[in-house]
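> Taken in sequence, the protein lines are chains A and B. Start counting the first sequence at 1; every next residue gets the next number (the UniProt record's numbering). Start counting the second sequence at 1; every next residue gets the next number (the UniProt record's numbering).
These are calculated hints, taken from the structure and not from any lab test. Backbone N, C-alpha and C fix where the C-beta goes; we use that ideal spot for every residue, glycine too. Check each hint, because a few of them may be wrong.
To list a few chain B residues with every Cβ distance to chain A over 10 Å, as calculated [claimed, not checked]:
id: 1; residue: 74
id: 2; residue: 175
id: 3; residue: 484
id: 4; residue: 600
id: 5; residue: 604
id: 6; residue: 759
Pulled a few chain B residues facing chain A out of the computed Cβ check, cut under 8 Å [as the list claims (entries may be wrong)]:
id: 7; residue: 46
id: 8; residue: 47
id: 9; residue: 50
id: 10; residue: 135
id: 11; residue: 142
In the BS3-like style, the derived pairs of lysine-lysine whose C-alpha atoms are separated by at most 30 Å in a straight line are [to be verified]:
id: 12; chain 1: A; residue 1: 41; chain 2: B; residue 2: 73
id: 13; chain 1: B; residue 1: 338; chain 2: B; residue 2: 288
id: 14; chain 1: B; residue 1: 698; chain 2: B; residue 2: 637
id: 15; chain 1: B; residue 1: 86; chain 2: A; residue 2: 41
id: 16; chain 1: A; residue 1: 41; chain 2: B; residue 2: 42
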Amino acid sequence: MADSTSEYVTLVSCDGFEFILPRSTACISGTIRRMLDPASKFSEALTGRCVLETLTGVVLEKVCEYFFYNEKHKDQANVPDMDIPPELCLELLMAADYLDT
Amino acid sequence: MAAMRARHKIRAPRRGLNAAKTDDFDSLWTVLSSSLTEIHTKNASTLSFEELYRNAYRIVLMMRGDDLYESVKKLEKDWLRDTVQKRITDSISSSLVRAQESTDIQDQSEERRAAGEKFMGVLKEAWEDHQLCMGMITDVLMYMDRIISTDKSKPSIYIVSMGLFRDYVLRAPVRPDSPITVADVLESTVLFMISLERVGHIIERPLIRHCISMLEGLYESEKEEGEKLYLSTFEPAFIKTSKEFYQAEGRRLLEIGDATTFCRISSQRITEEQERCLSTLAMMTEPKVLEVLDNELIRKNIDEVVMLEGTGVRHMLDHNLLEGLRSVYSLNARVDPKKDSLARVVNKRIVELGKEINASSIVVAQAAQPTKDAKDAKDAGTEKKEKGKEKEKPVNQQTLSAIQWVDDILALKRQFDTVWEQSFLSDQGLQSSIMASFANFINMNPRSSEYLSLFFDENLKKGIKGKTESEVDTLLDNGITLLRYIKDKDLFETYYKKHLSRRLLMKRSASTDAERQMISKMKMEVGNQFTQRIEAMFKDMTVSEDLTANYKSHIARSADPDQKPVDLEINVLTSTMWPMEIMANTKDGVVQLPCIFPREIENLKQSFEKFYLDKHSGRKLSWQAGMGTADIRATFKRSNGKVQKHEINVSTYMMVILLLFNDLPDGKSLSFEEIEERTRIPKNDLIRNLQSLALVAKTRILRKSPMSREINPADRFSFNHEFQSPFVKVRIGVVAGAKVEDQEQRKETEKKMADERGGSIEAAIVRIMKQRKKLTHSQLMTETLTQLSTRFVPDVSMVKKRIESLIDREYLERLSEEPPTYGYVA
Chain A
1 MADSTSEYVT LVSCDGFEFI LPRSTACISG TIRRMLDPAS KFSEALTGRC VLETLTGVVL
61 EKVCEYFFYN EKHKDQANVP DMDIPPELCL ELLMAADYLD T
Chain B
1 MAAMRARHKI RAPRRGLNAA KTDDFDSLWT VLSSSLTEIH TKNASTLSFE ELYRNAYRIV
61 LMMRGDDLYE SVKKLEKDWL RDTVQKRITD SISSSLVRAQ ESTDIQDQSE ERRAAGEKFM
121 GVLKEAWEDH QLCMGMITDV LMYMDRIIST DKSKPSIYIV SMGLFRDYVL RAPVRPDSPI
181 TVADVLESTV LFMISLERVG HIIERPLIRH CISMLEGLYE SEKEEGEKLY LSTFEPAFIK
241 TSKEFYQAEG RRLLEIGDAT TFCRISSQRI TEEQERCLST LAMMTEPKVL EVLDNELIRK
301 NIDEVVMLEG TGVRHMLDHN LLEGLRSVYS LNARVDPKKD SLARVVNKRI VELGKEINAS
361 SIVVAQAAQP TKDAKDAKDA GTEKKEKGKE KEKPVNQQTL SAIQWVDDIL ALKRQFDTVW
421 EQSFLSDQGL QSSIMASFAN FINMNPRSSE YLSLFFDENL KKGIKGKTES EVDTLLDNGI
481 TLLRYIKDKD LFETYYKKHL SRRLLMKRSA STDAERQMIS KMKMEVGNQF TQRIEAMFKD
541 MTVSEDLTAN YKSHIARSAD PDQKPVDLEI NVLTSTMWPM EIMANTKDGV VQLPCIFPRE
601 IENLKQSFEK FYLDKHSGRK LSWQAGMGTA DIRATFKRSN GKVQKHEINV STYMMVILLL
661 FNDLPDGKSL SFEEIEERTR IPKNDLIRNL QSLALVAKTR ILRKSPMSRE INPADRFSFN
721 HEFQSPFVKV RIGVVAGAKV EDQEQRKETE KKMADERGGS IEAAIVRIMK QRKKLTHSQL
781 MTETLTQLST RFVPDVSMVK KRIESLIDRE YLERLSEEPP TYGYVA
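Build the full structure now, drawing on both the sequences and the hints.
Written out as structure tokens, the structure reads:
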């Protein structure tokens, strides 16, 4: 079991896809950051594993892609647009709302 | 296909939301509320944040966010009221409640302290739990907060729950029917702890700090901008008890009656309070409590402390307790930027000490009979003092007392300078007040100008021998410092010129460099005008040197080979620049005939006069025999037939007297009256010169009969062939005319001074009026006083008189009476 301070965390989609990414990257999402906050003693914080029941694997993949994109281009101007397939647009919007990103 | 799926996915929740609106809320809330309770009971690790978050999210999406908000609020309220409040009130022991009712229980302090610590511990724990849980709950309900709070301007659930804590825990009654609330108990307990610390106990600061930060974290109302509980309730109470405490402390310390202790404890209290605010209470209280401390402990008591008999500032000054003075200073500086009370005492003490110095100088000056001082006078004396007969002693003693006076003042000044530098941190205000006090008592001594000038005279004559340049510099600087304090600088100038002329003419000055240094220092201090005449005196001296050299070569060229050459060294002085009384041939209006020189000298005199007037026609030379000196070679025929030769350095008058005996057969004598008649030396001078020649044991060249200490008109003098001296060269000084002026001379100087001042005042008035054309009386007065203040402080009535006189002489005219106005008459 990953302890609460480990460097990597696991995000799990409702259909069972697992994404392992650096903690700092995942914490771009306000919701995930609170979820993993070591001060609160929720199970996610203890295990470093977040099951996101509202997100499908496809969406979560895109979300993770965005996390990396965000982290890479942080504090930069003239950033190239991220490629977002139109059919995912609405779902991603909802995910963004949910994840407070 | 992907697009289809996406659209399907989006629609699905909406549909579900609409369909199961109510049912879902209730079931979701049931799950949520039980989870929230779990959080409170610290079982959060079994819960999934995601699940709770999702539930809250769903509820909000169902448009039931408000319901959720209210439900959570209710849940929190119930939790706090039922569980936390009970825990807290249980922890309050009855002794605490009792202590609340009667506040001054010190006897049960141990018990109360333990109870208080327990209570505070529980409270602190409850608060921390509450904060933590509410943090978690807020996180879970983040989505709700984001939607509800921002949209409808409700405070976030976290703030609401903090308010609930305040209302249902802190403001809960301790006992069901008691008016005392938990907050009251907390307040009194903390105050109690602080009072324990103030009397020297060690208390658990971090615990109090936690409770205080809880009060700091809570607000009076839900809005963040409302006042903090800490500020609205605790702080005023704390300030109030502090005030009471420091009032009592001030009384207690005054009763101890030791200024040093007071200062030490006060400083200690200040650090204590600072530390307390830092580690136990809140930073923002620091200025407030220190203000209370300043007010109650220091401002109200500092006057008394400063005045404390035997230990106050006076005692510290007398015993040079710099440390104590420093703490008094820093305390006083806290409450009064001007440091009035301290300055007052310091000034008073300075003036007292100064008066003592003044008084002692007068006492010494008046003490005629030889005392211990007289012995000192001899030790420190010049060669004149060695010749001292009783009659001279008061004179020398007076000089000495003048110098003593200056030295005393300088010592005093040095003492206070050290105090000022080290204890008063070179405070500007105090410096000026100290200076003012010095000026005050120095000017109380009517003879200060004269004394100071004498001081310079002594030092320039012999004091600086064997001293390094920098020592001389310091010495002169010290004197200059005193000059700064003297109001009547013109009087000083007069004396200085008088003394300087003596130094220059009698070649007593030890170093011309030092003299010049002195003048440049005076110039810097008092201004150009002041030193003008003094510089002119120096110029005369240089010109005279050239003149002497020229005359010598002139004589060498035209010399009569048979004439016995007499070297002449001459000083031609400009009469306006030099002090008049030295030049004056008149006394009491009677013109004194010039002294009759012996033949050789008379020839020389005429020869020089001719030489000089050839060069500068239209000038008048008047000979000042009283100021000169002469080297003569005398032959003493011993009774055993041996012949002893001595070179004797005497004053011009003595030379004239001694030359009389040249023409006299051995063994004959001259009476005082005969001498007087033949030389026409003024009687005073003659007496003094004869005293030196006939009365002083070491330089007894003349014999006097009868041998008495006084010189009487009938006394007879004869040449003393038995004169003995171990040296070939003998110097015979004139018995110094009182260097400190006697009463009569003083009056004369003052009169002269007044005349001179009158002139200066008139000049100033005319200068001002010429420039302004028209001025009112008061304006003219002020301007005149300002203009003259660098030289002296004129008497107002004198200025008035001068204005009148100028009007009489039609320099000014009266333009109107109301207000009195003058105009300048061109």
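> Holds or violated: is the Cβ of residue 47(B) closer than 8 Å to a Cβ in chain A?
holds (6 Å)
> Closer than 8 Å between Cβ atoms is the bar; does residue 46(B) clear it against chain A? Give me holds or violated.
At about 7 Å, which falls below the 8 Å cut-off, the nearest Cβ of chain A leaves the hint on residue 46(B) intact, so it holds.
> Test the statement that residue 484(B) is away from the interface with chain A: the closest C-beta pair must be farther apart than 10 Å.
holds (67 Å)
> Does the no-contact call for residue 600(B) survive, Cβ to all of chain A over 10 Å?
holds (110 Å)
> Could you let me know if the closest chain A CB is still more than 10 Å away from the CB of residue 759(B)?
For residue 759(B), whose nearest Cβ neighbour in chain A is about 85 Å away, the distance exceeds 10 Å, so it holds.
> Measure nothing beyond the straight line between the CA atoms of residue 698(B) and residue 637(B); if it is 30 Å or shorter, mark the hint as holding.
At roughly 18 Å apart (the allowed maximum being 30 Å), residue 637(B) and residue 698(B) satisfy the hint.
> Just double-check residue 604(B) for me: nearest Cβ-Cβ distance to chain A has to come out over 10 Å.
Since the minimum Cβ distance to chain A is about 105 Å, residue 604(B) lies beyond 10 Å and the statement holds.
> With 10 Å as the threshold, tell me whether residue 175(B) passes as away from chain A on beta-carbon distances.
Consistent with the label, residue 175(B) stays out of reach of chain A, its closest Cβ about 35 Å off (over 10 Å).
> With a cut-off of 8 Å on the beta carbons, see whether residue 135(B) makes it to chain A.
Result: holds, 7 Å to nearest chain A Cβ.
> Taking 30 Å as the top limit, are the C-alpha atoms of residue 338(B) and residue 288(B) close enough?
holds (22 Å)
> So, as I understand it, the hint says residue 142(B) touches chain A; can you test that by seeing if any CB pair is closer than 8 Å?
Residue 142(B) check passes; min Cβ-Cβ to chain A is 6 Å, inside 8 Å.
> Under 8 Å is the threshold here; is the Cβ of residue 50(B) close enough to any Cβ of chain A for the hint to stand?
This interface hint holds because 6 Å falls under the 8 Å limit.
Of the numbered hints listed earlier, not one is contradicted by the structure.
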